[in-house]
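J.: Each chain is listed here by its residues.
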Amino acid sequence: MTTAFIILLLPLLAATTILLVTRTRPDVSAYVSVISAAVCFLLTIVLLGDNGSVGSFAWLNVGGLELKIALEITGLTKGMILVVTLVGLLVHIFSLGYMKDDAGKARYFAGLSLFMFSMTGIVLADNFAMMFIFWELVGVSSYLLIGHWFRKNSAAEASKKAFLVNRIGDFGFMAGILLLWGATGEISFSGLGQALDRETFDSTLLNWAMVCIFCGAVGKSAQVPLHVWLPDAMEGPTPVSALIHAATMVAAGVFMLAKVTFLIAAAPVAASVIQHVGALTALVAALMATQQSDIKKILAYSTLSQLGYMVMAVGFSGFVYSGEVIGVSASNAGFFHLYTHAFFKALLFLGAGAVIYACHHEQDIWKMGGLLRLMPVTAITFLIGTAALAGLPPLSGFWSKDAVMAAAQNNTLLLVVGAITAFLTAFYMSRLCTIVFFGKSRSVAAREASEVPLVMRVPLIILTLGAVLAGFKFAYGWFINPAELPHPEGALPLVLSVIGVAGIVAGYVIYSGRDKDPIRVKAFARKFYIDEAYHLLVRVFQDGLAYVAKVVDQLLIDGLIVRGSARFTSGMGSLLRGLQGGNLQSHAFLFGLGVIIIIYLITITITSR
Amino acid sequence: MSGQVTIIEFIITIPLVIALAIGCGGSGRGLALFAAWANLLLGAIVFAVVLARGGGDMHFQSSHILLDSPELTLGFAADGMSAILVLLTVIVTFCAVRISPQQPGKGSGRLYYVSLMLIAAGALGAFCATDLFFLYAFHELALIPTFLMIGIYGHGREKVATAWKITIYLGVGSLILLGGLIALYVQLSPTGGLTFDISKLAPGPGDHPLSAETQKWIFLPLLIGFGILVSLFPFHSWAAPAYACAPAPVAMLHAGVLKKFGLYGILRVAMPLLPEGFDAWKELLLILLLGNIIYVGFVTISQRYLDRMLGHSSVMHMGYIFLGIACCNSIGWGGAVLMMFAHGISIALLFSLCGSLRARLDTLEFTRLGGLGANMPFLAVTFGFAAFASIGLPGFANFASEITIFFAAFREAGELGSLQVVTIVALWGVVISAVYMLRAYRRIFQGECIGNLGAADLEREARLPVVLMIVILLITGLFPNIILKLVPDLVGTL
Chain W
1 MTTAFIILLL
11 PLLAATTILL
21 VTRTRPDVSA
31 YVSVISAAVC
41 FLLTIVLLGD
51 NGSVGSFAWL
61 NVGGLELKIA
71 LEITGLTKGM
81 ILVVTLVGLL
91 VHIFSLGYMK
101 DDAGKARYFA
111 GLSLFMFSMT
121 GIVLADNFAM
131 MFIFWELVGV
141 SSYLLIGHWF
151 RKNSAAEASK
161 KAFLVNRIGD
171 FGFMAGILLL
181 WGATGEISFS
191 GLGQALDRET
201 FDSTLLNWAM
211 VCIFCGAVGK
221 SAQVPLHVWL
231 PDAMEGPTPV
241 SALIHAATMV
251 AAGVFMLAKV
261 TFLIAAAPVA
271 ASVIQHVGAL
281 TALVAALMAT
291 QQSDIKKILA
301 YSTLSQLGYM
311 VMAVGFSGFV
321 YSGEVIGVSA
331 SNAGFFHLYT
341 HAFFKALLFL
351 GAGAVIYACH
361 HEQDIWKMGG
371 LLRLMPVTAI
381 TFLIGTAALA
391 GLPPLSGFWS
401 KDAVMAAAQN
411 NTLLLVVGAI
421 TAFLTAFYMS
431 RLCTIVFFGK
441 SRSVAAREAS
451 EVPLVMRVPL
461 IILTLGAVLA
471 GFKFAYGWFI
481 NPAELPHPEG
491 ALPLVLSVIG
501 VAGIVAGYVI
511 YSGRDKDPIR
521 VKAFARKFYI
531 DEAYHLLVRV
541 FQDGLAYVAK
551 VVDQLLIDGL
561 IVRGSARFTS
571 GMGSLLRGLQ
581 GGNLQSHAFL
591 FGLGVIIIIY
601 LITITITSR
Chain L
610 MSGQVTIIEF
620 IITIPLVIAL
630 AIGCGGSGRG
640 LALFAAWANL
650 LLGAIVFAVV
660 LARGGGDMHF
670 QSSHILLDSP
680 ELTLGFAADG
690 MSAILVLLTV
700 IVTFCAVRIS
710 PQQPGKGSGR
720 LYYVSLMLIA
730 AGALGAFCAT
740 DLFFLYAFHE
750 LALIPTFLMI
760 GIYGHGREKV
770 ATAWKITIYL
780 GVGSLILLGG
790 LIALYVQLSP
800 TGGLTFDISK
810 LAPGPGDHPL
820 SAETQKWIFL
830 PLLIGFGILV
840 SLFPFHSWAA
850 PAYACAPAPV
860 AMLHAGVLKK
870 FGLYGILRVA
880 MPLLPEGFDA
890 WKELLLILLL
900 GNIIYVGFVT
910 ISQRYLDRML
920 GHSSVMHMGY
930 IFLGIACCNS
940 IGWGGAVLMM
950 FAHGISIALL
960 FSLCGSLRAR
970 LDTLEFTRLG
980 GLGANMPFLA
990 VTFGFAAFAS
1000 IGLPGFANFA
1010 SEITIFFAAF
1020 REAGELGSLQ
1030 VVTIVALWGV
1040 VISAVYMLRA
1050 YRRIFQGECI
1060 GNLGAADLER
1070 EARLPVVLMI
1080 VILLITGLFP
1090 NIILKLVPDL
1100 VGTL
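Residue numbers (this note's numbering), protein chains in the order written: chain W, 1 to 609; chain L, 610 to 1103.
Hint data in this document are derived by calculation from the structure and do not stem from the laboratory.
Careful: at least some of the hints might be erroneous.
[Claimed, not checked] Restraint ranges, calculated between C-beta atoms of paired labels, are given here: (1) 710(L) <-> 293(W): 51 to 59 Å; (2) 451(W) <-> 1034(L): 36 to 44 Å; (3) 967(L) <-> 152(W): 22 to 30 Å; (4) 710(L) <-> 526(W): 30 to 38 Å.
[What the hints assert, rightly or not] Sample of chain L residues with no beta-carbon within 12 Å of chain W, all distances over it, derived: (5) 653; (6) 657; (7) 825; (8) 894; (9) 895; (10) 968; (11) 1060.
Note that CB positions come from ideal geometry on N, CA and C, so glycine has one too.
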């Protein structure tokens, strides 16, 4: 039990140390943070042998309500904690190079450590209350890191947007937790599971509760319609995007859903909502990705799309397929994809970071080109990551995408949506690689690019190993039983591979040797105008309502009622004028003195009695 | 029990004596600081002792009979709820005195410190009085200097008008409250004779002497009277302008401490003495508190100045405390008391930072500010802590209290009643408060710097109160049981 608690608390200690002690010494701060991440990773390996519920701390008790900080270690937890600490450590190391000369380096590493603490808390939580606590803390560390360059207006806006959109999701999440608690009196995952086994609850209530809880995942895992914060979050430093906005935090929603599959299985309507939201996100985000020109934005939309896959798969928990309930296995597919995706997407983001670093913070792919020759390690690792994302056998993405599609194989509509998305994924990644790494350099910055330092190359290479191997049984079998994964039937794997290859070829053929985009789809490039629509909604509803409320407050409540009745009491008014004419200060002083003397005399006479 | 002076009597007497000494010509800030330090220490002792002995009983009892018929006693005692509020009062008083200027306004500034001391003494007396008359009188003692401070030492052209407005408004509220209290006193006094002693007015076990109907009609003026003092919607419009005009220490003391008197009164007087009185008004209160959370929340979003925004935000948060009270179970009341404490510290923190910003900048209008985080890192970081505390980030006591109140509303709620529906709507307030707080933070500290380039960070000697308040919010947020353990099981005694 101590191991798990140390993994949880060590990053908090590191963040606090940086804030209180070493904040004026950026290099020391960086090492404090990196060392804590390294120790956490090593302890995680120790932890993999443990199981079960480990220790708890009664955080809040009042009148029969007991909220605990209690840790629980299951197979799921182990897979996730490994992703968090391993990718976390690599991103810490990469940041040593990437953020070398940043003025806010100490603040940056404190933020990373705070994030590691919060994320570990989500993973280890054994109940909804604790998960919600760390859910919020993850939100605030994400806020701090997106807004790292807070003097940039765009970064300041993006961090605020990320936090607020997440809060909207959390509103639903909390409501769902409350509904479940009201009905069952339980908030721990195991307690809820037992309660659902023991008695039957109103299915309407369960569906509503599950939809509400899903709102939390929609916010954190950036699903449609709350996806708008994630592309903007790319304002943060690129290593942050790799860790938080690709591999771990955004996957927290999927992780949470995978943890409560028993609830999804008991709430069929909610499950259907989850599948469709996931599929819609996968498709819509992939379409948007095909028309972006910022290298990080392309990856951000790709992340959205892959998260959509995971959510869709988890939504199939509890669906009857070939005569038996495949509950556990469908959510396993989602989690499997989360696991492999963490490696190749973190790899792609760090690779993009290396490219951006080498091109002097240029992010426009149309100003890059020919980088394969100039930075071969970055380019080759990036291409391997791309192949994994596109689902080419035998890389990790192939296996997990197969499992996801197998979970959906009885639903033709969603299966087709998934296949289209798979084609688009291969296509936009091929487009990106063709423009960035092949052809000729399109700007001075790209011509002068050179390979990144060792401290940044090593994480790329390690993640490449993960991207290649994570899909094999030896790499995932210890936390997911391979027998409990959905297996694709018939020609599905073959079809998916062909689709992946077709996408890559299409992307290469269309974009090879081009200097500007031959395809123009404004709706995709402008993200279907969703941001604009939301902006309008906020203006009309929130700010409009706020304005109306303000006017009502000033005119009606304050002006008419309060002032009117004040005028009505004219006696008080004349008293008012009389006093105001005199010297307010002397009046006040005499009055105050009088009161004191009276009280004081009373006290004296009494105490001496 | 006369003859021996209790620590509670000390705590109340010290600021009174110091106020007298300042009035007679002593140095304002020096003496006030002495009183603040002494009370901080004594308040912490009271809290610790009550924590050790259990919050359910009355400790440090003292009583001095002033009149036999009607029975009027100057008596004090502290149970857990009083001890929590005493601690809140001494902390906020300490911080308010610490941030007060050496030379407030024109002249000697003695009245300034006399007023601060009287506010502190009045609040402490009101939270510990065992007698209905003194409970009311001490609150009035604290209220009057508040008006003077706004009128004399406030900011802005409208300060005198605002001072009169709050005087009349709260005066009316107090009168309504007084009516209710008199009704209580007349109706509930035992047959032996009239008394103001709360414990003697409390109905014994068994049947309540008053019918549910009578209780209902006595409860209403208490709810409205106390409600006006707490800025319950729609009686809230005095609050924001008053806090915007008030000097920072007064805004801290009033929003942080004195406003809690109305809530304290409901929990200490109205609910225990009229256990059936609330039922009839529960639905009404649920609607009114949504007015606080949602309607005032939107009003807060539309504010263009930091000081007014903070004033409205404090009105908004009162809605959650009322929600906790309306749950009528010990979880909800525990959450309400915890939130009284948490909100008291966090709003005092925000007003103190707002005061520091006002002293440095030529405006508090959001559109004319920006990027100040770069040249005032201490203020930026601490304001960040305060803002996140106020919007209920886990780790701060505010979150612990919010979540307790939400859970309270859903206790054993297999089906959704009005309380649960209202709570879900009220949850949206969590989004609203994040919107206005983060907008404000973004406008003031982030983005490009526009104007106020030369503004300096908070000087070192002024940092102690800010850090103290943050640390207290964190300690009580990480270990909320320190406070919750003290909240007496008030519901169980009904």
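J.: Hint by hint, note whether the structure agrees.
T.: Hints and how they fare:
Roughly 56 Å separates the CB atoms of residue 710(L) and residue 293(W), a value that falls within the hinted 51 to 59 Å. In this structure the supplied range 36 to 44 Å is violated for residue 451(W) paired with residue 1034(L), their Cβ-Cβ distance being about 57 Å. In this structure, residue 967(L) and residue 152(W) meet the distance hint of 22 to 30 Å, their C-beta atoms being roughly 27 Å apart. Under the hint 30 to 38 Å, the C-beta atoms of residue 710(L) and residue 526(W), about 54 Å apart, miss the expected range.
Residue 653(L), annotated as away from the interface, keeps every beta carbon of chain W farther than 12 Å; the closest lies near 22 Å. With a closest Cβ-Cβ approach of about 20 Å to chain W, residue 657(L) is found to remain outside the 12 Å limit, as its non-interface label requires. For residue 825(L), the condition that its CB be more than 12 Å from all CB atoms of chain W holds, with the nearest at approximately 25 Å. Every CB of chain W lies more than 12 Å from the CB of residue 894(L), the least distance being 18 Å, so the non-interface label holds.
With a minimum CB-CB distance of about 16 Å to chain W, residue 895(L) clears the 12 Å threshold, and the non-interface call stands. In this structure residue 968(L) is separated from chain W by more than 12 Å, as the shortest Cβ-Cβ distance comes to about 22 Å. At the 12 Å boundary, the C-beta of residue 1060(L) stays outside the reach of chain W, the nearest C-beta of that chain being 15 Å off.
The structure shown violates the earlier hints numbered 2 and 4.
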